[in-house]
Amino acid sequence: MMMLDVQGINVYYGAIHALKGISFHLNEGEIVALIGANGAGKSTSLSAISRVISTRSGAIFYKGESIINTPPQDIVTRRIIQVPEGRRIFPRMSVVENLEMGAYIHNDRGKIEKNMEAMFARFPRLRERRKQLGGTLSGGEQQMLAIARGLMAEPELLLLDEPSMGLAPIIVEQIFDIIQDINQHGTSILLVEQNAQMALSIANRGYVLETGRVVLEGSADDLLDNPHVQEAYLGGGG
Amino acid sequence: SGAQTPAPANTDAPVATDATTDKATDVPAAAGAPAVCATDEFGCAVIPPGSTIKLGMGAPMTGDYASFGIDISQGATIAIKDGGELDGFKFELVAQDTQGAPEGGAAVANKLVTDPTVVAIPGHIFSGSTEAAIPIYEKAGLPMLSPSATNPPLTTLGSKVFNRIAFTDAVQGKSAAEYLYNKLGFRKIAVMHDGGAYGQGLADVVKQEFTALGGEVVAYEGIEPGKQDYTTVLSVISSKNPEAVYFGGYVAEGYILANQMKQTGLENAVFFGCDGTFGAEFIEKSGANGEGAYAASLIPPDSDAKAKFDATYLADYGVPAGSLSPYTWSGYDAAAALIAMVKSVAVLGGDGNLYVPRGELVKAVRNMSGFSSITGDITCNDVGECNTAGPTFYIVQNGEWVQAPK
Amino acid sequence: MAEEHHKRPVKMPQLNIKIIRLIAAFVVLVLLILRIHNVALESQLGASTWLRLSVSGLIIGGMYALIAIGYTLVYGILFMINFAHGEVMMIGSFGGYFVFEAFNAIPVTLHDGTQISFLNAQPVIAILLAFLIGMGIAALTGYFLEKIAYRPLRGAPRLVPLISAIGASIFLQNAGQLLFGPQRRQYINPVIIDRGLGWQIPIAGTKVLLTYSGIFSLVLSATLMVALYLLVQRTKLGRAMRAVAQDKRTAALMGINVDKIISQTFVISGALAGSAGVMWGIHNGLTNYFVGFLPGIKAFTAAVLGGIGNIPGAMIGGLFLGIVESIGPAALGIDFQLQDVIAFSILILVLILRPSGILGEALTEEKV
Amino acid sequence: MTTLLETRRVTKVFGGLTAVNKVDLVVSQGMIASIIGPNGAGKTTLFNCISGFYNPEEGQVIFDGKVINGKLTDRIAAMGISRTYQNIRLFKNMSAVENIMVGFEPRMHQGWLPVMLRTPADRQEEKYVISEAIKLLKYVGLEGLGDNLATNLPYGAQRRLEIARALGNNPKLLLLDEPTAGMNPQETDTMKAFIRSVRDDLGVTIILIEHDMRVVMDISDQISVLDYGQKIAEGSPNEIQADPRVIEAYLGPGASALSDKYRRERQR
Amino acid sequence: MNNLHIQKSAKNGLVFAVIIIFLALIGFTVTAASMIQKVFGVEVSVGTMPKYSALIAFLAFIGLWNGWRAAKQTEEHPLQAGHAILAGLASGFVTGLFALGYSLIVGTLQSNGVNVRVYLSSLSPESIIYFLFGQSPLSGGFIQLSLSTVSAAFGALLVIFWDRSQHQFLIWKQKLSAWGNASWPAKLRRNVFVGYIAMGVVLLLLVILPRTWGSYWNYVMGTVGIYVLLGIGLNIIVGYSGQLVLGYVAFFAIGAYSFALVTAPEPHNLNWNFWIAILVAVVASAISGVLIGLPILRLRGDYLAIVTLGFGEIIRILIKSDLLKEITLGPRGIRNIAGPTLFGKSFSSDSDFMYLIILAVLLSIFLARRWQESRIGRAWLAISQDETVAQATGVDTYKYKLLALAIGAAFAGLGGAIFASRNQFTGPEDHVLMVSINVLCLVIVGGMGSIPGVILGAFALKGLPEILRELESYRLLVFGALLVLMMIVRPEGLWPATRPKYEENSPPPVTVEGGSR
Ligand SMILES: Nc1ncnc2c1ncn2[C@@H]1O[C@H](COP(=O)(O)OP(=O)(O)OP(=O)(O)O)[C@@H](O)[C@H]1O
Ligand SMILES: Nc1ncnc2c1ncn2[C@@H]1O[C@H](COP(=O)(O)OP(=O)(O)OP(=O)(O)O)[C@@H](O)[C@H]1O
Ligand SMILES: [Mg+2]
Ligand SMILES: [Mg+2]
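Chains as they are written, first to last, in the working numbering: chain A, 118 to 355; chain B, 820 to 1225; chain C, 2 to 369; chain D, 814 to 1081; chain E, 705 to 1221.
Hints may be right or wrong, so weigh each one.
[As the list claims (entries may be wrong)] Each computed DSSO-like pair below joins lysine-lysine, with the alpha-carbon atoms no more than 27 Å apart:
no.	chain 1	residue 1	chain 2	residue 2
1	E	K1029	D	K884
2	A	K180	A	K137
3	E	K1029	B	K993
[What the hints assert, rightly or not] These stretches of chain B come out as covered by chain E in the derived footprint (C-beta under 8 Å, 3 or more residues):
no.	stretch
4	1004-1010
5	1184-1197
The hints are simulated quantities; they were obtained by calculation from the structure and are not laboratory data.
Note that the structure is predicted; figures quoted are calculated from it, not measured.
All C-beta atoms in this analysis are idealised placements derived from N, C-alpha and C, irrespective of residue type, glycine included.
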């Protein structure tokens, strides 16, 4: 079933035409990767889905309903959760408080506690640092916190923006393990990555964006084997 | 009143235009202009039929001193209403905002002199604003009669146009010091002021005169007006045990001090104010704490003129006399006196225009004598002090201002 | 913008500068102590005077603190100085004034046949209502202020909302003058908090009057401050406010309605200002359109002194400023006219030593 | 080869955390030296100690034979150390050329008076700086974009502009903090070549922080590995790749190996 | 047209109800009506109210606006006439209902002999009666109701016409701009001589005007000029180097007082020459800028703002304090301050001062531009955008910040000296916080960092209040509202700054709208 359907959206930053009629979709239970060069419009696409930036035209459907006029806070209550680029942890809140912010839309204390336990179980490192302020965590810890914070909202669709950026290779490995695991527990995932190799290797399908347009789409394996993708995004097949 | 000079019906003499003055006083060589306009130092103001004779005032209408400006200008407006008409011409008050600052005073003066139908200035309010305005009116030949600019040197500048009915700080301060020393027999007083030109001026004189008389000023403190808690400074003064606290400033701070003296160990010291702190508002807002306080005034508290004015003010503006700022009455008087002077010199021209010889008016105001007003008779001396009589002192007894023993 | 701010940039203090500063601070401190010592010895200010000074400083400081919290709250979220905050306080103070005025006009006959006003028959209700109404209309003013003057400027360069705030401040002040007239209006307090009444505390032979209204103000401001602190630290709304303060966009991604939270912040900050306004009226016995200006500036100073954006900082800053203002001139033997000179000099001194205020962000070096 | 930069037991503490712990580092003239290590290992902090943002609690930073710790950042820049930042820090509302011209600041000498009088010396200096800045702009491949505000440039261009600005003061040592972060492999290769050319063409010594092993292993003459603030290994790319401690703490099984793992898993 | 639309219209109506009632409460309705009457050439006679037709015109204007806004809110494309009119009617009706309610309350109170004025001081009996068109509260209220409803409907109609004609209008606009870009206007614009001629015309005007427009305008424009001077100075500190200074008046005061003290006969009787005194004032201010800058320039942003605000207050309080009374004459101020002389001849007429001010402004513009367009300006700008990085890039931030403060202070000193000399008097009341705030406002209203902006801003901030004098006691109220409006409509300022171009033959740069960061 088609869960998310983005149809021809246009986004402008002032005079900059960032998205030029992009269309893509995501089926329930899938991992879909968006790859592309810097400034191709990947993050912008995610933000457009989250409605934190406005689209000038085009349509976005979630489970068959248009969400183009839904304000961001209501997108979240519909369980579309974005883990933004650059982590964006609340720097002057502790790890626990950050996680609680993730569960802002929920009111059931018991369930929040339970979810938090689950996060700590998944990221033991965070349990160690539970009292520490978000701003003083290292990059990797912040990234874990960002993902955990997103999961606290119990997403049905998770929008992940470059979860591996600036992370040590060994952490990248862990993060990708976790993404797969989340997906196997029933969350659909829209994944934006520079590390196309890794992204496509865990994704079902993928889209290639270039300067605000979708230039290629297909199953992950097809894309991995595509010569254009190999040359431009996989570092010459390395 | 009426025209002093008979209006010659048809004088052919062209009217001189003074090159040094502004357009405001340029008089067109009209057939109806009376002869006096040709000889007048500043020429004539020409009021065409249908226009009003304007009095211009510069006053703080906004900002923290707005209540002074608004009250005084409204007082003057009542005088305008009472002033009636002159040969079918009505009077009008043009009150412009100076925000109480010299800069604003100069701007307003410059604005007012461009209006040829403005003939006299019952203002300005506040000495700084007045001082900046004097040279401008001097050039244009507009007589001033300030209700409230009390800074002593203003009349020593050699200005022809500046006069005032407010009495100066020097006169008041000296009599206050003498009253405190001789009449009340105090030897140790504290002197306070609000840091303004008026309040501090007074306080300085009192301090100097009181010391000269042989008394001791145990504390001399300025306060920042607009605050509403002065217990700290009073506490410190109280530790010096003065017999009286003299305060130069306005009623708004005056009654706060009188109130807070009772909380700070100054229960037994006498609060001695000035004409700025005189008024029903003081009693109303200090209540029992104000009992036994002194103030100075020009205004006979029970005169009919004042009662009439107070009633009119309440009816017109909804503000009871007790809440009015000091000088409101002087505002009335200044306007009333100027209207009388205008009436005494204006000439109705043959062409139906009203001619007000400016130089004549300036002289008339300076020579004013025995004009009776709410605040007493107005008689100007040769430098423009129109109220050279000393103040009367009042004391609060049983919730009323009564005249203190002379 | 948010990120640029929460890492409050503080330049790397170099060792030599540090030492020079320390020495300078030490010298100033020694001079101050010597001066205070001398003055205290010379003047005959008794213990009672010092007590009076401290109490009055605390009361004023409490009110500064209440207003300062409003500044800090808004600053923390929008990084803008809400210059019109003092005017919001003025409007609140008129709210209380009219309640007292109305209640004073309603006569009540007691059992024994004496006629008193409703104000004195039911002072508690009157006071409660005065605060409710004062806080209510101030909150409303805050709400519309944000909606009209600040919301359209979200995302504009930092100084633009400041100018808008100045415009709003001028507007509100003049609206106050036009509506209620330029004259001061006397606050008719219920007798139980009359400004002349209070506890007489005997000290060193004389008595010090602790007025009920003063103590009432002090207790009320302390209560409000604690309540606010708990609100911000412990409740979901408080957490949401902090989140919005730190990163608006991410806050939206958590499901927070950012506009609503900002509105609510202005409502709370307005209500605090309103309560300070009523208190100011009760304590000082009067109000007029200009009553917000000076406390506004002072409270802003207090907020900065404590470390702007920091709620406990605003409290401490307010109390500190109040006490410095009232004790300073006496302790240094300086004319009271120079009260504000002392207050501002202390401010400068404190900021030179602690460039981000008393409780400002612990001085970490900026991460680049 | 002569030593250009040396850190001796440099230590930086934040509260209870020792971010950089007694780090000794020697970088010779003309080298490309890399610093790698897990997130939060203290790499950026070490950069901050070298460029003068932080004054280390202990130890010395010696540049060109002079101790420079404790000096203000502008003095250190004037001595010939330039840097870029992990999160791009350009002067956003200045044009690209102007950004570079600010980089020339340590090399300019006209004070407020000559500027006011616009003396010939001042004019000449200004002319020189403009032409040099445009040359640099061309060098980093931004020709034609010079009058754009920095904030309007694409990400990759901003990174290169930052380097151009850093080159403005004719540095001897250039510190690059994750210059390829957020770039795709193709862009990364371009940047790699560019970094190498800066060293080769301009003779600038470079210290590089990177997480992308394809960059680090290809162009480094020397790699130092930090972990928990301490230097745990140092050597040539081959030595580091083989070091078990580095593999355990940092490298893991390696990117390509990983994606193969996932691929296999999915195909099962 | 659904419930939501009705709700929106009602909300709009509520907003206008608040506006109307507020205007009535502060008595602005009367002033506005008299102004309308004056525009039509009928003076309002003293002590009477303007004609009712003027009130109707004013209320109708507000009603039109009300309907306009309501109709626009339907956000339909294309606009449906029925919906728009309905929205206008609904909104107008809601407003009218509230006006009716207000009329009933106030009118009844009034006719029962309650003096409303005791509580709401602008609400005179005459103005209440006037608002009710001289009728009973009920019928007066109904007139209000119908007036509001009908005019709002017309407002909606206007929107429809506008909507219909907008397309045509756009075409015309495009044609016009196409023509402007293609034919002779474009050539003219590109021709350098046109620039010179324009500059010449401006200069000529500057020479001629002071002689012709009388002392009042000389005074007002002189004030504007002095504020341009101050604005250029503060612009260097705030606009270029990015340091928020709220106590700029301190330097103004130091300039004015040092000038006054060395020229005036009292209190020191120094009677120095005007030109030397100006120099003294400028140098004294610049030095004070450096002295205050030395300890506090480490502070950033709002901390610096509040410290400088404090400094401004300290200077003002000290000037009027007893402590310095011997030196500054305390609150009385200093009088008889010297005017300019040249070769023993005095040049103190208002037009002479105007020329002096124009010269000073031209000089300061020249200097400010020199600095701005040099390495110093670049360094300032870099500091203002990222001080930490600027320093690490090699900019001696401390030195440049001090320089900015010293230059800014020097300009303020020059302004203060001219100010004192022109008024021949200066007192503490001239140096209040509002001066700093005004100068800051004009810098930002004009467009931070831009010199033409400063000039426009000075006209807006100091010229506008003079123009608004017609509004009497509503002057500052309207001014405050306009200030907010200006910021909302043009947050980047009236004439925003642009960056110079260095790269020749480069393609036109991409620009981003708005000044947002
Ligand atoms: N806030 C903004 N203001 C102006 N332009 C922007 C803004 N954010 C993004 N852009 C522009 O929009 C385009 C798309 O940006 P976006 O961030 O979506 O790219 P991306 O594919 O996520 O790139 P990256 O790999 O760098 O994250 C780019 O040209 C970028 O410069
Ligand atoms: N200004 C600071 N205040 C407090 N702690 C800090 C500060 N700067 C850095 N740290 C801490 O010091 C440690 C080292 O940080 P640093 O930025 O040097 O790491 P890094 O090696 O650059 O990591 P990454 O690869 O993620 O950029 C981290 O734990 C970080 O949280
Ligand atoms: Mg992105
Ligand atoms: Mg780092």
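Outcome of the hint check:
{"no.": "1", "hint": "E:K1029 - D:K884", "in the structure": "46 Å, violated"}
{"no.": "2", "hint": "A:K180 - A:K137", "in the structure": "24 Å, holds"}
{"no.": "3", "hint": "E:K1029 - B:K993", "in the structure": "20 Å, holds"}
{"no.": "4", "hint": "1004-1010", "in the structure": "violated (count 0)"}
{"no.": "5", "hint": "1184-1197", "in the structure": "violated (count 0)"}
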